[in-house]
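*Asks:* Put together the whole structure using the sequences plus the hints.
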Amino acid sequence: MTIPTLLGSLAAIGIVVLIVRALRFQAKTLSEEQAMRYSEEMIAGFDAIDAGLCRNRHAALVLGDDGRVVLLKCTGNRYAARALTPPARCRCPEQGRLIVDSDERQFGHVELQLDNAALWQQRLGGAT
Amino acid sequence: MNDLPDIVTLAIPGFILLMLIEIAVLKWRGSDGYETADTATSLLLGLGSTIAGALSAGLFYAMAAAVQSFGGESLGSPQLGFAWWVWPLCFLLDDLAYYIFHRSAHRVRWFWAGHVVHHSSQHYNLSTALRQTWTGFFALSFIFRLPLFLVFPPAMIFFCAGLNLIYQFWIHTEAVGRLPRWFEAVMNTPSHHRVHHGTNARYLDRNYAGVFIIWDRLFGTFERERDDERIHYGLVHNLGSFNLLWAAFHEWAGIARDLWAAPWRHKLHYLIREPGWSHDDSRETSAMIRARWEAQRTAKPKKAIDQAADSL
Ligand SMILES: [Zn+2]
Ligand SMILES: [Zn+2]
Chain A
1 MTIPTLLGSL AAIGIVVLIV RALRFQAKTL SEEQAMRYSE EMIAGFDAID AGLCRNRHAA
61 LVLGDDGRVV LLKCTGNRYA ARALTPPARC RCPEQGRLIV DSDERQFGHV ELQLDNAALW
121 QQRLGGAT
Chain B
1001 MNDLPDIVTL AIPGFILLML IEIAVLKWRG SDGYETADTA TSLLLGLGST IAGALSAGLF
1061 YAMAAAVQSF GGESLGSPQL GFAWWVWPLC FLLDDLAYYI FHRSAHRVRW FWAGHVVHHS
1121 SQHYNLSTAL RQTWTGFFAL SFIFRLPLFL VFPPAMIFFC AGLNLIYQFW IHTEAVGRLP
1181 RWFEAVMNTP SHHRVHHGTN ARYLDRNYAG VFIIWDRLFG TFERERDDER IHYGLVHNLG
1241 SFNLLWAAFH EWAGIARDLW AAPWRHKLHY LIREPGWSHD DSRETSAMIR ARWEAQRTAK
1301 PKKAIDQAAD SL
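As you go down the protein sequences, you meet chains A and B in turn.
Note that the working numbering has the first sequence beginning at 1, numbered continuously upward.
Note that the working numbering has the second sequence beginning at 1001, numbered continuously upward.
Derived from the structure by calculation, the hints contain no laboratory data.
All clues given are correct.
Pairs of lysine to any residue, SDA-like flavour, derived with a Cα cap of 20 Å:
#  : chain 1 : residue 1 : chain 2 : residue 2
1  : A       : K28       : B       : L1026
2  : B       : K1027     : B       : I1016
3  : B       : K1300     : A       : D50
4  : B       : K1267     : B       : R1283
5  : A       : K28       : B       : E1174
6  : A       : K28       : A       : R57
7  : A       : K28       : B       : V1025
8  : B       : K1027     : A       : R21
9  : B       : K1027     : A       : L18
10 : B       : K1300     : A       : E41
A short list of chain B residues far from chain A (calculated; beta carbon distances all over 12 Å):
#  : residue
11 : W1087
12 : L1089
13 : W1112
14 : Q1168
A few chain A residues facing chain B, derived, Cβ under 7 Å:
#  : residue
15 : M1
16 : I13
17 : R21
18 : E41
19 : M42
20 : G76
From the three backbone atoms N, C-alpha and C, an ideal C-beta is built for every residue, glycine too.
*Replies:* Below is the structure:
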């Protein structure tokens, strides 16, 4: 590959990406019902019984009947899921704010603004 | 005849044009089928893959030439030359070699570490087709085509492999529904390949075909796309990140971690067993995921029906 081809390719990539950006393909916000359905569809065998939605509606926690908690994280305009088995690492630095650690460096931690953060902290901690 | 054109390079303007058309169609339909960072990651992975391919091409040509002369001189295999009937035969067998490569790429973790990149987007659009690995050579993906060099002229094989790759570009789209039945019966199509990129338990490890879907029908890996189930594209454990280097190398990092941590007698298994295999059953293979899903379906059939109805 020559330098001009490389530069040409980078320019073409830049143009396509800018067009996609200009067209604003929006991220879908979540509802509690969607969060539960997505987690069931993405984690085979998972049965959702309750969901906690972040106030920005771009992240959620979903409790399963087996005690596991699915963490839904917005990535672009899709949601990536991790099923966490309690006890999972999380902290509540102030009321209504919960930071959940996925225990994977690249997936990282997800910060949620939750009405009942304390309840979810309990659930992630393994309390029933 | 030894100087056939590099058709993949020639096809690049066509790739870009089709991508722009798809972007316009999806936007028009109000779809969320593209995303800025995802598209950038896919296209940069594609560019990086071309560069990596160019760097390893010399080694591959040398191996191909060695296999060719070994076939002719030591095995006495017939050298088929460029007669007209050799072309379709070469194309067909090259596609079979692709099927075997692709199936192995999903069933052996070392091979998967290269191929996983192609599956790492949660989107399914034409830019996903260009999301290709940087470590294909290291993952040994070339070995599956080597036997072809025993009888077919190298230039013909490279040409057929290029055609195969170009064919596979256009099927990476949600913009095309189902095609006429005779076409869906023989050819790999957007519908069949959507199944391949799905993480739904029912779709895991299905539809490995390159150009002809007949191989999946023949070898029992075919699954039809259903209208009553939303497809979630990507990986069972999606990356949740657009980090280019992580997308390119994450499975190699995972292999390294497992090799380090595993007891000695299990280390090799982390290289050759299927993705998701673990010596203590702490993770899930696609077969385990499918079994769990089947169990849930039998235990709670009503829930399955409700879910199917919801996703319509
Ligand atoms: Zn694949
Ligand atoms: Zn594909």
